[in-house]
Amino acid sequence: MRHGRWRFLLGALVPALVLHVVFVLSPYAQAFYLSLTDWTGVAGEAHYVGAGNYARLGGDSLFLDAVRNNAVMLVVVPFVTIAIGLGLASLLRKGRGAGGYQIVYFFPQLLSLVVIGVLWGFVYNPNTGLLNSGLRAVGLGSLAQSWLAEPVFALAAVMAVLVWSSVGFYVVLFRAAIDGIPPELYEAALLDGAGAWTTFRRITVPLVRETVQVAFVYLGIAALDGFAVVQVMTVGPGGPDGATEVIGLSLYRNAFTYGKFGYASAMGVALFFATLTLAVLALRAGRRERLELA
Amino acid sequence: MNLEPQLRPYPTRRTVLKTAATAALAVPLLSACVTSGTKDSGGGTEQGEKTTDNPLGVKTDAPLEVVVFKGGYGDDYAIKAETQYTQHYPKAKVDHKGLQKVGEAMQPRFVAGNPPDVVDNTGAGRLDIATLVSAGQAGDLTDLLDAPAFDVPGKKVRETLLPGVVDDGTFGGSTVALNFTYTVWGVWFSKPFFEAKGWTYPKTWAEMLALCETIKKAGVAPWTYQGKYPEYINDPLLSMAAKVGGKDLIKAVDNLEPGAWKQDGLVQAATAFAELAGKNYLMSGSEALSHTEAQAAWCQKKAAFIPCGSWLESEQKGVAPAGFDMVMGAVPALTASDKQPVAAVQAASSESFLVPSKAKNQAGGKEYLRMLFSKASATEFAKANSTLPAVAGATDGLTLSSGLGSVRDAVVAAGDNTFTYRFRTWYAPLAKAVDDATGELVNKRISPADWSTRIQKAADALAKDATVTKYTR
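Which chain is which? The protein sequence lines are A and B, in order. So the first sequence is numbered by the numbering used here: it starts at 1 and just counts up by one. So the second sequence is numbered by the numbering used here: it starts at 1 and just counts up by one.
It should be emphasised that the hints constitute simulated quantities derived from the structure, not laboratory data. Check before you lean on any hint, since a few could be wrong.
[Said to hold, decoys possible] If you want the ones that stay clear, here's a sample from chain B, every Cβ over 12 Å from chain A, calculated: (1) 90; (2) 134; (3) 167; (4) 189; (5) 320; (6) 335; (7) 439.
[Claimed, not checked] Simulated restraints on C-beta separations: (8) A/59 / B/53: 56 to 62 Å; (9) A/136 / B/275: 26 to 32 Å; (10) B/51 / A/54: 45 to 51 Å; (11) A/79 / B/453: 35 to 41 Å; (12) A/136 / B/449: 33 to 39 Å; (13) A/19 / B/71: 33 to 39 Å.
Just so it is clear, CB atoms sit at the ideal spot from N, CA and C, and this is done for glycine as well.
Isolated chain A (complex conformation):
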């Protein structure tokens, strides 16, 4: 009997573990190893070059552009997305037809990022795009820009797309969190004469804090990526002149265009640690917040 149970447990666990090791852990481990070599991606052999690839990262101006852009995205994308998401979710709390809005907000989540990139590429088209045409239609033609081709606007244009594509998901997430807040609290606040803003600031925000924390981790990871949208939409891609370069794009170009898989792996490992650090910091901060509430 006991023997059979072990067999059952093993049978259930081993296939999943094997898949995890083969398709998740082993590629990670190989990337760590390859980042110390000069592997070209097509040779059957790789030479050990020590930390050479990592030393190179610091002198690669395009990679440094990518780090700078990812850092900007890391600050802007999560904050803006969460601000809009939280705002919309709390408006939906009492709005009529909230369910319908919620479905509409969620639509972008159903599209693949590549499709989103292509569609927004059309929107940003300087001559026939929706954005400039709209500006011209309302007499603001002087504000029309070559959005993706001006270094000043290109990264902002990319971030706007990232925010647009993710905000719907967080509206749904925050809505669920807000629904979990006991209605008595809101009633009490109403009786005490609290306005909408005070209610939002004093009740909604503190009580969905943990969800926001998780959202920060997810959005932070998404902001450190950005590859698909940049690759599809931007000039170059990654341009003009590195203005929208992201680490993922540098990595991809070095691996698949330049045949420098070793160097690209070093970028991947650096990105891995950046993401890990972000997640650890956010999670630790999250635990502390929860204690304050308890």
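Since chain A is already given, all that's left is putting chain B on it; use the hints.
Relative to the frame of chain A, chain B by itself:
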């Protein structure tokens, strides 16, 4: 109530370190996977006897595996050559694969040391040819080039190819790739449109600027370009420089000589294009348009000129209106003392066919290429795809469309004065630096002097980089 577990922040330093240590221990165990391919599983094991009828010594019953990029040209032309092969060697089994992502599919096979016998390394996902060569994965094709041509009596294969084709596939003295199509770069316009407006294609840059002024006054943007991919506007710029400075200028650039990008010809050409942009002769918004968007605008006669390679006509099939009749002109001469005539054109072959050095049936692979590069096969290809093949005279006697006809005329007019830069295939990172700089130049964000300084810096860094295999010409 026990708060203890909650007080401890998770993940703790200890758990993070523990996981990292486990991962580090696992590395050596797993690391062998990617690069475990055998180093020299010597290719070319299938070899037969060489005879007059079988000059490459094909083992008649050895199977042949052919991988072809199935893109804009389809793969019918390759299948036809395979039929030819099986007619010749009825005992051989031909395995054909027409793929879109050749690189993705072939990379693991190269790594594992069992590549197919013929690879058409083409398309957006192709493997970097310079990387393949430096990894010793591309086999030498000299005996194929010296073999008798398949259907041109008395000539060797190498003698049937258009100028530059053999050079394009040569890396460090050994020819490892044979390109099937021949591309010529120039400036395109609609002949009937120009005739209706009374404009003639200019021979010199001064004439070009004067014509641009006329075109602009007529309410048409003189130029547009595929701004999302700045390499398109690079081609006429570098062509112009090559005409000013001659083939020595190109050589200096390709050989990464110090100061190569500061040569007069290059700076002058950059200045010419900066002027084109400075006078607002480029259609506004071009800088953000993809190739499809810019080319569509040009087909709608919103702009008069567009720079492109000779694939433009087949790419615009269905977009260009009836009677648009596009033709390609050679890039105008910048100075009266240009070292190459105005008819000189930038021309290079593409659609690279390789016989991997670790392929089992190398003789068969080369024999297959001998048939593919036969005149009859090339003519069929030209008919089906309105694209110039790399085989000389393949379009003789054919009625050509306006675009392809103008391309052939340009090649004939250029004669020996065709040229090509090799740095794009040799040093992909330098190509990226040049594209970025030119994009900035024609958007008036940097001066011609900055342009050459920037690119020179990138070229110098590359020249110093010991990890990059260098080539010279």
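Against the structure, the hints come out as follows:
Residue placement check: residue 90 of chain B keeps its beta carbon more than 12 Å from all beta carbons of chain A (closest about 34 Å). A beta-carbon of chain A is positioned within 12 Å of the beta-carbon of residue 134 of chain B; the least distance is around 7 Å. The non-interface label for residue 167 of chain B is consistent with chain A: the shortest C-beta to C-beta separation is roughly 22 Å, beyond 12 Å. The Cβ of residue 189 of chain B sits about 20 Å from the closest Cβ of chain A, beyond the 12 Å cut-off, so the non-interface label holds.
Every CB of chain A is more than 12 Å from the CB of residue 320 of chain B (nearest about 18 Å), matching its label as outside the interface. Distance to chain A confirms residue 335 of chain B as a non-interface residue, since its nearest Cβ pair spans about 29 Å, more than 12 Å. The beta carbon of residue 439 of chain B sits about 6 Å from the closest Cβ of chain A, which is not more than 12 Å, so the claim that it is off the interface is violated. Between residue 59 of chain A and residue 53 of chain B, the C-beta spacing of about 58 Å keeps the proposed range 56 to 62 Å intact.
About 29 Å separates the C-beta atoms of residue 136 of chain A and residue 275 of chain B, a value consistent with the hinted range of 26 to 32 Å. For residue 51 of chain B and residue 54 of chain A, the hinted distance range of 45 to 51 Å is not satisfied, since their beta carbons lie about 57 Å from each other. At roughly 39 Å, the beta-carbon separation of residue 79 of chain A and residue 453 of chain B lies within the given 35 to 41 Å, and the hint holds. Range check, residue 136 of chain A to residue 449 of chain B: Cβ separation about 37 Å, and the 33 to 39 Å hint holds.
Distance hint check: the CB atoms of residue 19 of chain A and residue 71 of chain B are about 35 Å apart, consistent with the given range 33 to 39 Å.
The earlier numbered hints that this structure contradicts are 2, 7 and 10.
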